[in-house]
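Here is how the chains run, residue by residue.
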Amino acid sequence: MHAALIGQLTIDGLLVGGVYALSALGLNVIFGVMRIVNLAHGEFVIGAALLSAVLFERWHANLFVVLPLAFVLAFGLGALIQRAFLRRLPEDLASAEATSLLMTFGLSYFFVGAWLTFFSGNFRSVPYLTGAWTLGPFSIAQARLAAFVASGIIAVLLALLLRYTALGRSIRATSQNVQGALACGVDVERVRTLSFALGTAIAAASGCLLILIFTVNPETGANVTLASFAVIALGGLGNYAGTLVGAAVIGLAVSFTGYFATAQVAQAAPYVLFILVLLLRPAGILGKSGA
Amino acid sequence: MRRTRLQVIAAGVAATAFFFVLGGPRLAASAAEKPIVIGASISETGAYADSGKLALQGYQLWVKQRNAAGGLLGRQIELKTYDDASDPATAVRLYQRLIDQDHVDLIVGPYSSAVTASVANVAQQHHMPMISPEVASTAPFERGLTEIFQGIQIASDYVEGPIAIAKEKGFKTIAVTGEDTLFPRSVVAGVDDLAKKMGMTVVFNQLYPHNASDYSSIVEKMKQSNPDIVIAASYLPDSVGLLRAMKQANFAPKLVYEGVGPTELSFGTQNGKDADGVMGTGNWSAELKTQGNASFVKAFTSTFGHPPDYHAAANYASLEVLGEAVKRVGSLDSAKLRDQLATLTMPTVMGTYKVDPKTGIQQGYKSLVLQWVNGKQFVIYPKALAQQPPSLPFVSWSTR
Amino acid sequence: MKGRTVIAFAIVAAVLALVPQFLNGYARSLLYITVLYVALAYAWNVISGYAGYLSFGQVTFFGLGAYTTAISVTRGNLPWWEGALLGGVISAALAVPLGYLMLRLRGAFFALGMLGLAQTLQVVANSWQLTGGGSGLFLPPGSNALPAYYWTLAIGLLTFAATLFIDRSAFGLRLQALREDEQVASTLGVQVTTTKVWAFVISAIVPGLLGGGYAWYLTYVEPVSAFATRFDLQAVAMTILGGIGTVWGPLIGGVLMSQVSEMLAAQYPQAYLMIFGGLVVVLLVFLPRGIAPAVSAALARHRARAAQGHR
Amino acid sequence: MLSVRDLNVAYGDFIALHGVSLDVDEGEIVVIVGANGAGKTTTMNSIAGILHVRSGEILLDGEHLERKSPREIVERGLVLVPEGRHLFPEMTIQENLLVGGQAARSRRNLRVNLAAMEERFPILGQRRSQAAGTLSGGEQQMLAIARALMSEPRILLMDEPSIGLSPLLTARIFAMVQEINAMGITVVLVEQNVVQSLELATRAYVIAEGRVVLQGGAAEIRGHADVKRAYLGEA
Amino acid sequence: MSAPLLEIENVSRAFGGVRALDGVDLRVNQGEILCIIGPNGAGKTTLFNIISGVMRPSSGDVRFQGESIVRWSPQRIAAAGIARTYQIARPFARLCVRDNVAVAALVHERTLERARRAAQDVLESVGLATLADRPAGSLTLTQRKRLEVARALALRPKLLLLDEVMAGLTPTEIDTMAAFIEQLRERGIAAIGGVEHVMRVVMRISDRIAVLDFGKKIADGTPAEIVADSRVGEAYFGTSLDDVGAAPPTKGHS
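Chains as they are written, first to last, in our numbering: chain B, 1 to 291; chain Y, 1 to 400; chain A, 1 to 311; chain E, 1 to 235; chain H, 1 to 254.
Simulated from the structure, these hints should not be mistaken for lab results. For glycine and all other residues, C-beta sits at the position ideal for the given N, C-alpha and C. Hints may contain errors.
Here are the computed distance ranges between Cβ atoms for each label pair [as the list claims (entries may be wrong)]:
hint, chain 1, residue 1, chain 2, residue 2, range
1, Y, 398, B, 68, 54 to 64 angstroms
2, A, 164, E, 23, 50 to 60 angstroms
3, A, 306, H, 73, 45 to 55 angstroms
4, A, 154, Y, 142, 27 to 37 angstroms
5, Y, 192, A, 76, 25 to 35 angstroms
6, E, 6, H, 176, 21 to 31 angstroms
Construct the entire structure; sequences and hints are all you get.
Now the structure itself:
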């Protein structure tokens, strides 16, 4: 019985971890290319989550319609934000990093307000694939499995894009060495716009999957941002494979603390892990070493 | 150089002060033809937005009907509301604004316990009596405040029903959970004693935080404690989340009770068939044979295009009471109104309004247990008001 | 010069102390909130403006102060201002070890770490018996907002004086040096860690003290509103509007923004978040240094012209 | 072929180049020498479009480049091998080369050029799926040059290709510069290794404090007293 | 003979797998001028980082006036009398020139006012006094180099670490800087200069020269000894020093 319980908690944790991983991947792509820590990331996740909830309520639009739609919308929105604001970050304030932080902090609240206006403050969820499959002593929630599989597919597509296409190589080249990319004639401005757009679109995709599992409202974006950063902090900034490991750890931590401690502890688990990792590796998480 | 700057600052301070002074006292309305203004803040946005909107419509309907019937004291009535976004500090400022700036004649309560708890102090300071139609927890009333009155059933009554039903069926073990905020806490506060009295045992008792988004762990824990019945003191979003997590964990106890969440109509739309069998505590039902209830439901539905829920009913009833008190007093004198509200006993769509004159805690309204059966809500408790007997046990997920 | 500063300071303080006597409760409340936000913005400006460590979690100490006060009053039967004072002391005491830990982080990680800290404390408040969990704590209903106002005003004035001091002292110069380049500052003999921890403590003690007044004003403390990062958004927006890392920035930005925010909050509470957030973004593009430097530059030009005229 | 007129470049308030002018004819090897921080790299980066030019003209075959993006400049056949190589350390050697050959002008020959580079630099072929960061300094420099050649440049700007390399490797790099030139590619070379670079150059410019202080044939520059004094350590 | 001012003993430092410094020994005496020469990447800056406390060595010891300072913080080392400049000048861009120097002067002065006065004096001595109120970010490269030196001097050091202090200067300025460094000797300040090129000056001003190559010290001696060392020529210049026409030392310290 006890082993079965551990197994069940592990399954639950890993399946959720898949969605965390996707959200964190989006954040990681943006950081890699732009060196911007996007504090508004969670808001893009939540925006898409709420959109799919509303579309489901109104027209029973299912995931497979909403996800591509949200992806495209977010892609456009991301490109617009990069073109209109992030590209114009002034260089004379304390540092480029400070300015980008302040700007994305402002953006995050802008979108909290926007989602409150569009979607109201209601907590929403999508009652789609609400059942579970039984597998021996374990029950596997359909929604969780679907979200996990979809996350995996998107992550694999992203990996293929990064590895085997000219755009993907340009993105990686720019994130590894801007000067080098410029010297090779890579259109770095375009790569930045596309990367921010892509990161935002991935965030949106993860939002569409997250809402299958979680109940969210416009004000829960900050939690998602922090959880995604916790994943990256664990896995290594700019390290895509590490992201998966980090996400699994966060998923398991939430699942196990939720059971063995309290729901409150589970809620705090990503932050606490995040702070701990930061404190143990204050500079190290910028490094690409590790898993 | 420094002096110039300080002059600028001093001028700024003076200008700001001037702004405040000017913005402050306005000439009070003297003409009797002016409408009576009732002020309130409502959570149109924020965590409680869903219910807040229905609550507001309850107020609006009463004002509309009253005006059509000639108003109050021969004057028309105007409702002035702001959106407090479910934030206590904002609500406090808004009530001060309503009272000091907008010079409303009467106030009624906002939505949610947390907001009301802070606002009650403002009412007290300004000696403005206030009925709170949304605060089931008694804590805000036990602080020695003299101006607030509870316009809804008290929270600790809620679980009596489901436990009585469970007792009748011979269920023995209870798992208790709920959101860790003021109201749900008061709902489950007495559950241990009650269970003991009924010869049942609480095998699990743990709350989850506000803003929780994933309920799988807490459900897994409840499942492990293997209870006969689950009592969850939850609002709409968490009751939906909990139910879904129970389904995913393939956890089906014999009785599922989920606080106030299941009384909301969207509980049914969000859960579909999964809602069947779930119980909740209602303060009101469209089927209730209280005075004016049938016509209230009809008027509400035709005005807003959707049926009312208990928020709408409670807010509507509060204005019924306030209107009656004004009529009896014959003026807007707040001291007299206060005394009137403390002692008044009258029928409303919610039942009989009657409060403890010392604390303002509600004594008249009785709570109901509702159950979803085939996509509809039915009153199943107390027996005198029951539309049908409880449908038990809860059907296992695999056989639905 | 010094004497004149003191006199001007005293006059401003006296005016602000007397004004509420002529105001109704709502206007007092508004004045209180304005002074509160300006003081919070000043506190934020020390760690984020002068020391260059952007924090989106100073509300941690605000909530801590509010809770300390509520607990002292309800469980310790202390007068509220003693509780508020205690809140300041606890915030300062906690800020020292926290500062040593968190200030090892840089840039985004410090900012995120502080955000996470605020969330963590919110969870603690939510789950602890002492803090009343999610139900929060009720304070005895107060008679009116005046005591909270005077408390906040006094702390606000002290914070302003502290900023003046920082701007003109060796401590402030060291802070700015480490903001520009921490490593160089250290090789020039600046006690980098001590200096920035001090700045952090100042930025913590102020919200710690103010939180108590807020608890008294609201008469109710609960986790969500006590640790709302919106407080930090307000401080950020106000300081950027006025001028980050300047003496007058938080005042100018704070007074302007609280008026705007009050107008918006009553009718468009969600739009108000949009406008605050959007304003931060737009300001960073078009007026990144804020109003204060622009005003000083204009004043300097004016004075230069006047001086030429005299000659 | 390349003509730079009165180039001014600033970093914030700091002016890095004061009216630099250069001329490079087709087929030449032009070397730019000068002390650390004199403005050599700034000049190269400005020509390649990486730095924003405050004023002045950069003409390639009569076409203005000074407002063009780095990408547009590469497309016109002017390519920079930047100082410090600036490889993509976690991408494989082959991927580095592919990024180098991505320009529209050379894309259709991508595979051919890749094969050509692997043939010319056998080490790059042998280690094609190894991360670039694992190469030694000399190999990295070769990769940087090969990456630039992938876009079929007409004129190659090389910024300090011998930096940090042993004498032996430096000699190989210089030999390579001559080979590249022999392929018909015009070369502009920035070097601190004044003696050796002047040996293979046709003409030279000396830059100090953001200004061209001397220019002329390589031999002439070698003999110039000021240069000896400043850079060769002669009194 | 008195104990050396600074002793570096078997210091190594690795980054990842690369050894930036490999068992380096060095001594600097009171008032002595030591130049460390070596190509870019030879380990000069790493050595300066270790002496000034910005970096810890992987192994080995650094003693200043007989005390081990490898565990000291940079500010403690600075206050004890070791000042440094950075290869690429790093002014506090948004502070004025005077305040840039005043930060360092605060180590010895109690009040800001006095530190600013002391700073003004130092600025006088390096010829930046007229620029005292300008933001440091607006200085030219040469002025920034001077500001670096001014800040270091404001610490009233016993030992000055000058990282590539000649780099980017014109021949005339190099002469001025050389004269300045020689004058340090008279004031009893020892100096370690890291130099990549400008052999002419190195030969003239140094009491001793150490040569670093790929993290290893390959030679250490008087200028005359270094010129005579064929290994140095090979490693550093790819040819012997005679070929590049390095002048013999003008000062006979041998």
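### Task
Hint by hint, work out which the structure violates, then give me just those numbers in ascending order.
1
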